Structures are given as structure tokens and as C-alpha cells.
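Asker: So the chains spell out like this:
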Amino acid sequence: MVFPIDLNRLTPGFSDPVQGSRQTFRAILDAMAHPGRIVATDNNVLSPPRPLNLASVAVCLTLLDFETTLWTDLKPNAKGNGWLRFHCGCSIVQDPSEAVFALITRSDTMPALNKFKPGNDESPEFSTTLIIQTGRLRSTDGKRLTGPGIETFSTLKAQGLTKRFWQDRQSQSAMFPLGVDIIFTCENRLAALPRTSSVEG
Amino acid sequence: MKKQFNRQSETGGGRSSVMEGYNFAYLDEQTKRMIRRTILKAVAIPGYQVPFGSREMPLPYGWGTGGIQITASLIGSEDILKVIDQGADDTTNAVSIRRFFSRTAGALTTTRTREATIIQTRHRIPETHLTKDQIIVYQVPIPEPLRFIEPRAKEVCRMHALKEYGIMFVKLYEDISRHGRIAKAFDYPVLVNDRYVMSPSPIPKFDNPKMDRMPALQLFGAGREKRIYAVPPYTKVKSLDFEDYPFEVERWPHCCALCGSGNSYLDEIIMDDRGSKMFICSDTNHCNERVARGHKGNQEEPVEKAQISIGTGARKCA
Numbered sequence: 001m002v003f004p005i006d007l008n009r010l011t012p013g014f015s016d017p018v019q020g021s022r023q024t025f026r027a028i029l030d031a032m033a034h035p036g037r038i039v040a041t042d043n044n045v046l047s048p049p050r051p052l053n054l055a056s057v058a059v060c061l062t063l064l065d066f067e068t069t070l071w072t073d074l075k076p077n078a079k080g081n082g083w084l085r086f087h088c089g090c091s092i093v094q095d096p097s098e099a100v101f102a103l104i105t106r107s108d109t110m111p112a113l114n115k116f117k118p119g120n121d122e123s124p125e126f127s128t129t130l131i132i133q134t135g136r137l138r139s140t141d142g143k144r145l146t147g148p149g150i151e152t153f154s155t156l157k158a159q160g161l162t163k164r165f166w167q168d169r170q171s172q173s174a175m176f177p178l179g180v181d182i183i184f185t186c187e188n189r190l191a192a193l194p195r196t197s198s199v200e201g
Numbered sequence: 001m002k003k004q005f006n007r008q009s010e011t012g013g014g015r016s017s018v019m020e021g022y023n024f025a026y027l028d029e030q031t032k033r034m035i036r037r038t039i040l041k042a043v044a045i046p047g048y049q050v051p052f053g054s055r056e057m058p059l060p061y062g063w064g065t066g067g068i069q070i071t072a073s074l075i076g077s078e079d080i081l082k083v084i085d086q087g088a089d090d091t092t093n094a095v096s097i098r099r100f101f102s103r104t105a106g107a108l109t110t111t112r113t114r115e116a117t118i119i120q121t122r123h124r125i126p127e128t129h130l131t132k133d134q135i136i137v138y139q140v141p142i143p144e145p146l147r148f149i150e151p152r153a154k155e156v157c158r159m160h161a162l163k164e165y166g167i168m169f170v171k172l173y174e175d176i177s178r179h180g181r182i183a184k185a186f187d188y189p190v191l192v193n194d195r196y197v198m199s200p201s202p203i204p205k206f207d208n209p210k211m212d213r214m215p216a217l218q219l220f221g222a223g224r225e226k227r228i229y230a231v232p233p234y235t236k237v238k239s240l241d242f243e244d245y246p247f248e249v250e251r252w253p254h255c256c257a258l259c260g261s262g263n264s265y266l267d268e269i270i271m272d273d274r275g276s277k278m279f280i281c282s283d284t285n286h287c288n289e290r291v292a293r294g295h296k297g298n299q300e301e302p303v304e305k306a307q308i309s310i311g312t313g314a315r316k317c318a
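Protein sequence lines, in the order shown, are assigned to chains U and Z.
The opening position of the first sequence corresponds to residue 1 in this note's numbering, with each subsequent residue numbered one higher.
The opening position of the second sequence corresponds to residue 1 in this note's numbering, with each subsequent residue numbered one higher.
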């Protein structure tokens with residue numbers, strides 16, 4: 001889809017694209033290798049269009065380009081679409097099952113997880129990575145995570161996720177090694193929930 | 001003789017000026033993004049080989065092109081890089097890769113395992129226990145553990161998909177019926193997170209137990225074969241074996257001739273043309289640190305007709 005981009009009002013991306021994306025990648029890798037760990041992305045210079053948060057746009061600037069497709073729940077006339085198209089060069093698709101990445105700003109109305117790509121048996125990496133914006137991220141009194149990357153267990157509370165989301169996630173764990181990988185973002189912080197983590201609570 | 005084995009490694013690190021005319025850490029940003037996406041999927045599917053668009057690097061295949069591309073996508077000015085080749089910090093491969101990153105990324109380098117944040121390795125895991133938040137990058141020549149059993153890539157892909165690893169156990173069984181033991185001494189296959197059979201790269205099987213529930217993140221890069229795979233921290237890595245033929249590591253009756261270490265992996269060094277030899281630590285940093293702490297080996301007495309025994313009792317070392 002083509003979205004109009006208002007170049008006069010477009011806010012800038014990383015002030016230093018090389019170091020900005022490198023630092024953000026290390027934060028994402030740290031989070032993905034330690035599910036539940038909350039990691040800060042150090043990119044306070046970014047001024048993303050509402051309702052996108054700092055961590056979400058940092059992740060997009062780091063991982064998205066012309067090779068990746070993005071599905072987003074932003075309204076068609078939202079500034080964010082043009083911003084992402086301009087800075088990342090990604091194509092925005094309307095069908096979640098075609099998306100390599102999905103950016104979700106309203107977790108309460110998001111599509112069911114099985115609407116996204118789970119990968120296939122021979123290529124489980126062809127699955128969607130979801131970037132979900134949450135109201136709050138805490139590592140106390142939340143879901144209990146176990147699995148690779150976690151020494152004993154970790155706790156993660158991501159505000160705004162519905163019961164249905166966690167039920168969907170539960171049914172995905174039976175599909176391993178297929179399944180979606182999730183990055184939760186809040187302000188300039190992020191935490192990851194790869195398909196390997198089992199969730200309780 | 002003493003001087004010959006006093007392997008002096010460079011102490012501390014140094015930041016040299018960054019080369020102009022290349023992007024930071026050599027690779028262009030689009031390539032790094034592609035590799036970074038691949039690494040994240042690799043971490044999310046432990047032990048599964050993710051294909052990637054491997055680039056030509058300014059060194060030939062077999063010299064660590066896969067490892068170098070991973071390191072280039074990770075490294076930054078806050079990182080301290082250690083590179084080893086067969087355990088040694090001072091071989092051509094290790095020295096040139098360290099120099100490559102200090103010139104293209106201004107990276108700090110070290111030979112000390114403890115102070116490194118990224119360790120790129122060819123065919124060894126350091127003796128010093130790796131800690132959380134360290135990243136070890138393995139250089140991998142043949143990422144496919146089933147390659148020499150089933151050469152058809154499509155078929156192998158299906159075997160991984162169906163977790164159909166019977167053929168691998170047949171191979172190990174044939175070893176036992178022919179040699180009385182599993183004869184594979186390096187690149188010994190492992191099962192990661194109870195799902196994928198994975199090549200640990202040509203590390204000696206002595207190092208396999210170190211991979212199990214390692215607190216550091218393990219990344220594997222195969223440049224020529226265009227595959228990246230990973231083992232997240234604290235992930236179960238089991239060396240394949242049978243109940244009646246359990247996995248065991250090789251042991252030596254000798255201690256390191258330089259530092260007297262009794263629990264490290266030893267290299268056999270030929271001393272003269274009459275067959276006398278000496279055994280010294282393959283991990284130069286481990287050996288140097290022990291020597292610096294005052295440990296001594298028995299280096300004046302080369303071992304005649306040395307033998308490696310498999311699975312025998314502990315060594316009695318100084």
C-alpha cells in the first residue's frame with residue numbers, strides 16, 4: 001500500500017544510523033537471548049509519531065528494510081505509516097499472514113496469533129516477529145517464563161495483554177519449532193518472548 | 001627449549017585508528033540488518049541452521065568468514081574482542097581477525113578470556129568458564145551434522161523437520177561395532193534443547209560438556225555454507241550417546257609441560273626428529289595465566305612414545 005508522506009512534518013530517525021541500529025540490535029539480542037529481561041534502548045533522540053513509542057521505532061529502524069514486509073494496526077491515515085515507509089523502506093501489507101514483522105499499538109484488539117506466519121516445518125524461521133506496544137513492562141508479579149535463555153525462571157508483566165492473547169500463546173507452544181516471536185515495547189524499553197519460552201500464571 | 005614455548009601473548013588491549021573508506025565494522029548496513037534478523041531467528045530456534053545471504057569477505061573461506069560476519073554485526077566501541085584459533089591467541093588467523101576489527105571498528109582487543117565481551121573462536125572453547133553476558137562466536141566449516149551420512153540437502157532438511165535422527169544413531173552404532181567405542185573425537189554431534197541435532201563445529205569433544213547450560217550466548221557462523229545457528233544461554237546441549245556407551249571425553253596421562261595443568265586440553269608438540277614429544281595446553285591464555293601465578297610444568301622431560309588413553313582415571317599433576 002502507498003501512504004502519503006508529509007515531508008515537511010517528518011521527524012528524523014537515528015541521528016547516527018550505524019551506531020543507533022547497532023546499539024538497538026544488541027538490546028534486542030540481549031532480550032531475545034534472555035526472555036523476560038527488560039532492556040533499555042538508548043535512543044532518546046528519536047521523536048516518533050504518536051502512538052509509536054521509542055523502543056518500537058528503534059526496533060523497526062534496526063531490523064526493517066526493503067526486504068521485509070510489515071503489518072501494522074495503525075489507521076491508514078496515521079503518520080506512523082508514512083514515517084515507517086520513509087525511514088525503513090519496508091512495504092506495508094494488509095494481510096498479517098504475509099508479514100515478516102508486525103507492529104501492534106493496541107494489544108487489546110490485536111488479531112489472534114494464528115493469523116500471523118508460524119513458519120513451516122522445514123523453515124521455521126519464516127515466521128512473523130511481532131512488536132507489541134504495552135502500557136507498562138515490569139519484571140515483578142507477572143507471567144512466569146522458563147526455557148532456553150533462562151537460568152531458573154524469569155517474570156514478566158506486560159500491561160494490556162488480553163486473556164485471549166495468552167491462550168493463543170499457550171496453544172502456539174505446542175507447535176514448536178513453529179510459532180511467532182514477540183518483542184514487547186514500552187517507552188524506551190523492550191523485552192522478548194521467543195517461541196521457546198513456556199509461560200505459566 | 002624454554003624460550004621456544006614461552007608463548008608471550010600481547011597483554012591488555014589497544015585501540016588503533018579506524019580505517020577510512022569502509023563502513024563501520026566493514027559490512028554495509030543492509031547486510032548487517034539481514035544478518036541481525038538471521039541471528040534473532042537463530043536464537044529463537046536453538047540448534048536450527050538459519051540460511052543467510054553470506055557475503056564475500058576479505059579473507060578466504062575456511063578462515064572464519066561466517067564468524068567474522070556475525071562479529072561484524074555485533075561489535076561496537078564498548079566491546080572487547082578476543083579471537084582464538086585452536087585455543088591460541090597468537091596464530092595468524094587470530095591475529096589477523098583481531099587486527100581486522102581494530103582497524104574497521106576501532107574495537108578494543110584482548111587475549112584474556114575473562115575481560116572479553118565477544119570471543120570469536122576457531123575449534124576450541126576457552127578453558128576459563130564463560131560468564132553471562134559474554135558472547136562466543138564459533139567459526140563453522142560444515143554446519144550440517146548429517147552431511148556425511150546423507151548428502152542430499154533436501155532430504156537432510158526433511159530429517160530435521162521431522163526430528164528423524166535415526167541415521168545419526170546408526171552411524172554412532174557402526175562406530176561401536178567397528179572400533180568398540182564412538183570414534184568421533186571432534187565435531188561430535190549434540191542435541192540442542194531436545195529438538196535439533198547440531199554440529200558444535202570442529203571443537204574437540206573434550207569441549208562439548210562446556211556447551212551444556214553455558215551462561216554465555218553461543219552463535220555459530222558458516223560463511224561458505226551460508227548458515228547461522230545459535231544456542232541461547234542456559235540451554236540443554238546433550239552429546240549423543242547410548243545408555244551402555246555413554247559419552248565421555250578424552251583424557252591424557254600427562255600434564256601440561258609448561259603450567260602443569262591437569263584438566264586442560266593438551267596439544268602434542270614434536271620436539272625433535274627422534275619422536276620425543278611434549279604436551280602443552282592448547283589454550284594459551286589459560287596456560288600463560290597459570291604460569292604467571294607460579295604454576296610450573298615438567299618441561300625439561302619430553303615424553304617418549306606418548307599415548308592418549310580414552311576415559312581413564314584422573315591425571316596426577318603438579
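Just so you know, the hints here were simulated from the structure itself, not pulled from any lab data.
Certain hints may be false.
For lysine-lysine, the following DSSO-like pairs were computed, each having C-alpha atoms within a straight-line distance of at most 30 Å [unchecked claim]:
1. Lys132(Z) <-> Lys157(U)
2. Lys115(U) <-> Lys132(Z)
3. Lys296(Z) <-> Lys238(Z)
4. Lys238(Z) <-> Lys205(Z)
5. Lys226(Z) <-> Lys210(Z)
6. Lys157(U) <-> Lys236(Z)
7. Lys205(Z) <-> Lys154(Z)
8. Lys132(Z) <-> Lys154(Z)
9. Lys115(U) <-> Lys75(U)
10. Lys115(U) <-> Lys143(U)
11. Lys296(Z) <-> Lys115(U)
12. Lys132(Z) <-> Lys238(Z)
13. Lys154(Z) <-> Lys226(Z)
14. Lys236(Z) <-> Lys143(U)
15. Lys277(Z) <-> Lys296(Z)
16. Lys238(Z) <-> Lys277(Z)
17. Lys184(Z) <-> Lys210(Z)
18. Lys163(Z) <-> Lys296(Z)
19. Lys143(U) <-> Lys277(Z)
20. Lys143(U) <-> Lys132(Z)
21. Lys210(Z) <-> Lys132(Z)
Computed list of chain Z residues with no C-beta within reach of chain U, every gap over 10 Å [claimed, not checked]:
22. Gln86
23. Arg158
24. Lys210
25. Asn263
Just so it is clear, the structure is predicted and the values come from calculations on it, not from any experiment.
No residue lacks a Cβ here, since even glycine has one placed at the ideal position from N, Cα and C.
Asker: Each of the hints needs a verdict: does it hold here or not?
Answerer: Tested hints:
no. : hint                    : result
1   : Lys132(Z) <-> Lys157(U) : 23 Å, holds
2   : Lys115(U) <-> Lys132(Z) : 36 Å, violated
3   : Lys296(Z) <-> Lys238(Z) : 35 Å, violated
4   : Lys238(Z) <-> Lys205(Z) : 12 Å, holds
5   : Lys226(Z) <-> Lys210(Z) : 26 Å, holds
6   : Lys157(U) <-> Lys236(Z) : 26 Å, holds
7   : Lys205(Z) <-> Lys154(Z) : 28 Å, holds
8   : Lys132(Z) <-> Lys154(Z) : 37 Å, violated
9   : Lys115(U) <-> Lys75(U)  : 19 Å, holds
10  : Lys115(U) <-> Lys143(U) : 23 Å, holds
11  : Lys296(Z) <-> Lys115(U) : 64 Å, violated
12  : Lys132(Z) <-> Lys238(Z) : 20 Å, holds
13  : Lys154(Z) <-> Lys226(Z) : 15 Å, holds
14  : Lys236(Z) <-> Lys143(U) : 22 Å, holds
15  : Lys277(Z) <-> Lys296(Z) : 18 Å, holds
16  : Lys238(Z) <-> Lys277(Z) : 34 Å, violated
17  : Lys184(Z) <-> Lys210(Z) : 17 Å, holds
18  : Lys163(Z) <-> Lys296(Z) : 49 Å, violated
19  : Lys143(U) <-> Lys277(Z) : 58 Å, violated
20  : Lys143(U) <-> Lys132(Z) : 23 Å, holds
21  : Lys210(Z) <-> Lys132(Z) : 14 Å, holds
22  : Gln86                   : 27 Å, holds
23  : Arg158                  : 7 Å, violated
24  : Lys210                  : 16 Å, holds
25  : Asn263                  : 25 Å, holds
Checked against the numbered hints listed earlier, the structure breaks hints 2, 3, 8, 11, 16, 18, 19 and 23; every other hint is satisfied.
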